[in-house]
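Sequences listed follow chains A and B, in order.
Numbered by this note's numbering, the letters in the first sequence go through residues 29 to 323 in order.
Numbered by this note's numbering, the letters in the second sequence go through residues 25 to 328 in order.
No lab work stands behind these hints, which were simulated from the structure alone.
Even glycine gets a Cβ: it sits at the ideal position worked out from N, Cα and C.
Certain hints may be false.
Claimed, not checked - To be clear about the criterion: a stretch of chain B counts as covered by chain A if any three or more of its residues have a C-beta under 8 Å from a C-beta of chain A, and this derived list gives those stretches:
#: 1; stretch: 134-147
#: 2; stretch: 193-206
To be verified - Between beta-carbon pairs, the in silico distance windows are:
#: 3; chain 1: A; residue 1: 92; chain 2: B; residue 2: 213; range: 18 to 26 Å
#: 4; chain 1: A; residue 1: 297; chain 2: B; residue 2: 303; range: 51 to 59 Å
#: 5; chain 1: A; residue 1: 94; chain 2: B; residue 2: 318; range: 37 to 45 Å
#: 6; chain 1: A; residue 1: 303; chain 2: B; residue 2: 160; range: 52 to 60 Å
#: 7; chain 1: B; residue 1: 101; chain 2: A; residue 2: 187; range: 45 to 53 Å
#: 8; chain 1: B; residue 1: 313; chain 2: A; residue 2: 254; range: 48 to 56 Å
#: 9; chain 1: B; residue 1: 160; chain 2: A; residue 2: 187; range: 29 to 37 Å
#: 10; chain 1: A; residue 1: 254; chain 2: B; residue 2: 327; range: 44 to 52 Å
#: 11; chain 1: B; residue 1: 219; chain 2: A; residue 2: 166; range: 32 to 40 Å
#: 12; chain 1: B; residue 1: 160; chain 2: A; residue 2: 166; range: 48 to 56 Å
#: 13; chain 1: A; residue 1: 166; chain 2: B; residue 2: 313; range: 49 to 57 Å
As the list claims (entries may be wrong) - Among the chain B residues that face chain A by a calculated CB cut under 10 Å, a handful are:
#: 14; residue: 158
#: 15; residue: 184
#: 16; residue: 186
#: 17; residue: 225
#: 18; residue: 235
#: 19; residue: 240
#: 20; residue: 242
#: 21; residue: 260
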Amino acid sequence: MSNASSELAAPPVTAPDDIKAVPVRHPGRWVAVVVVAIVAASVLRAVIVNSGFQWHYVGKYLFDPKVLGGVVTTIELTVVSMVVGITLGILFAVMRLSPNPVVAGFSWLYTWFFRGTPLLVQLLFWQFGGALFHTISLGVPFGGPALIDPSYNSLIVPFVAATLGFGLNEGAYMAEIVRAGILSVDEGQTEAAQSVGLSRLQTLRLIVLPQAMRVIIPPTGNETISMLKNTSLVLILGSVVDLLFAAQQIYAANYRTIPLLIVASIWYLALTSVLYVGQHFIERRFGRGFSRGAA
Amino acid sequence: MSARTIRAVGAVALACAAAAAGCGSDDDNATSTAATAAASKTAADPAVVKLVPPEVKAKGVVTVVLDATYAPAEFFAEDGKTIIGMEPDLVTAMAAKMGLKVKLVNEPFDGIIPGLAAKKYDIGASSFSDTKEREKVVDFVDVFKAAQSFYTKASGGTEITGIEDTCGKKVAVQRGSIEQDGLKAQAAKCRAAGKPAPSVLSFVDQNSVTLAVNSGRAQLGFADQIISEYTIKKSNGLLKAVGTPIDPLPSGMAVPKGSGLAEPMLAALKALMADDSYMKILGKWGLEDGAISGAAVKINGAVS
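Bound-form chain B, shown alone (with noise of 0.2 Å):
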């Protein structure tokens, strides 16, 4: 009997519902949204499609999971049915380069690696940052960069300079995040310093994270700085930035291992890079900052 991952019963209602509750879209959906992304115009690479492994390529359909909170990355549309954002869009002309189509998924995130290493998935992406740590589970195609970053009420916040002056402070982050892996560092370099380690509140989604930022629960939110900039400006001026962001970590899709799609993957990406289509989808969403090129385009490049 193959090993199946059993999901948290309540995490995929309270997805759900804690997004209905806070200031995000209303998604009234349970587990997976099978929303196809926009067809994408990009034509089949031959060159990439001889990397694709048989049996994906009889199947014709890659499943992508994600965790649709996270906008501009990757969020539901206005309809709440429809997955968009920038990973949405990558992933589909990465699939178009390969020859496939895409079926979206959406699940809460700490159970998309869980899930990539059961197989249940054949691609995650979710706006991961490849670390070492993840790198022991999955593979990762670096696709992208991520800074992180923090923000507070704009009014009556809290001031800091970076994530050395969280010490004793309540910081709010979403679940199996990386940002709350920097916060139990921080905790230790706090405690060596005499103080008291930051209070960290752990939330199944973004829009958790906002709400408990806005109504006072914690002092600062905590997350990938596209995204802290993206909440910051739907706010209409609640919130505002704060602090130095943490330097840029590679940020990767993930794949089980030994499923033979990191390759065909990278080979598409680059054929992406090659022909402009993948700084025009990082424009469309306005996130050029976060290209990345040469060297740090590679399967499994963690440097932490």
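Excised from the complex, chain A in its bound form (with noise of 0.2 Å):
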């Protein structure tokens, strides 16, 4: 019933009072913040003034050729390196994981093996194997016929010696690694896989692996890395010329010994940057599908 006096004006509607939302204050936040401010700026001090960095001499042997030549040479080494440890890695993994016991326990031996020496008494054996295996000879096994003879010396090569030597040691830890994903994988694809009718080798490539590779990607982008800085160890071998060892060989002729090993470092600490750019592309592709995927 409508109430013509009614008309009263209705209360005005207002917006509920407009709540006073003070920030929370941190102020130990900014108390760290000075703090950090503080010893960032006397480190950067201290480095930028003190003399015995040379740091005219940093920028004199930057784009040395030799050290441009060593940065050619690193970059050759680890490539190499990381495919023929990425494949021997995948190899042995899928070893490791088959029902045949001799081959699983070979691949195991092998893992055992290269992962219990030291590195670099790898590259040593390899590189001076010429003084327990004269010649390497292809026929039939056990004192037969050969097919080809050649002296160990000129097969394998300074370069190819160092390159066995990190492969073969990098293939022992990668094998972990993809073993590592391939169980990271639900039994449930598996056996989904083989009720339609697929056999162990096709589930393996089609449908485990490809799901794997999101488990195994991070750690690899570390072995990466790592495989970056371990090729410094060639300096040993004496005759494959790296970004360290060339850097060395600069410094032991004009003694400027700490700039060259900050030039070093800058490189390294460049081509790892690189890398990190590489590895946060290939997560991406292989997170696909998955709502934790990429960085």
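Build the complex from these two chains, which are given one at a time in their own frames, with help from the hints.
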């Protein structure tokens, strides 16, 4: 029932009182920022002002042709060693998961041996193996006629010795990483694949490995970054000149040890940073379809 | 902040492992072995002690750095910890004349001169050839003269007449050594004659040089003559000398520039020569051929 006199003004509709929200103060954070800034500034100043670093020599040798040659060799060693390592890793991981006990046992033996001996010693044995095995022949085993019979040193040249050493060692570590990745894929996937009629190898190739890659990529990126630095061990082989060896050859002649080590470090940092970018894109590719996918 | 030398990180562990894999002693410790050389029976000589700088006299001990992979000049004894050889004996006797004790420290060869330049050690006694280039960085007290010679495998080795014959051949040397410099100079001569330069393999320690020759990686090894001869002797017939040795060059102990140790060391050496201890020490190691005398006994006597 409408009531003309009840045209009293309804109380004005106001929005609820705006809450006076005061942001929470974090005084501790500001103190921390100031402390960190002071420490960082002091370290930077100590480094820049210290004449011992001889920064002008760093600039002089940063793009020296010998150093650049060393960078190229380091990249070559890393790429070839990682290719060998990853291939062997996948191979031995699959072998390890084989139902054939001899095959699985052989794979176990390989990872046990190559993870159990120091990388340095492995490199030395590959480089100086000519003292133990004068020739390497391919032919009928156990003393039969040989098809080809090259000498150890002509077949396994220093670069090959280095990549064999790095690659085989890396293969053992990669085998465990790939095995972990394969184990991380739900067993249901394998069962479903088998129920559809795929063979063991097809299951691995089409179903399991693609899903395992997501778990395999981050540790592999780690290993690649490690390998980049481990290649500096070639200096004990005496003839493969990588980045660190090149820097050491230069300072052996001009005694500018610190600046040249800094030059080498700058290059290693730069190359590692490139690997970071690469890893990001690979992770994104293999993380498709997962909500907690790429970084 | 004083400048400090950064030692190449891997070099230290490498020297140990390379020595272990080589045919030399099994040297399983890392950077510094504080092996005190046998106490010298030499008494302090007052005339020499007068010349020692006061801060060193107050310390009473000098730190001597060397690369102990160079038998018989400086190397590890069977126990793998004690450093022995002609130079430890000589430097201990010289220090005794100065009224000081000696602390021996093992370091890879090519890190020693930078270490001295950074005043990390007092004396470097590692069979250094005294060269003008090195005299720019440190001072030398000449104590010996050292020739350089080649060695190769006894059967299946490479014959050469001398260093001129190394064009296009694979030669192994220790890194930072005068032999490496010698081959660099020879490379220029080879190229000028239209021949390929010698291919140089440079290793952190002397044991790897020998291993390279034994395994066929290198055709020739090139080292100080006393080292080559000792290596050949120890190889049980696997190695032999080849080519004419390079003429002897002065070999000295290095001290940082301005340390004030060069004069007392020279005086101590002359005192050891006067009472025949010098020849006795060289004779103990069969190195009498390298003895110097007269005008050759001096500070910074580089000829090239």
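Hint check against the structure, violated hint numbers in rising order: Numbers 6, 7, 15, 16 and 21, in rising order.
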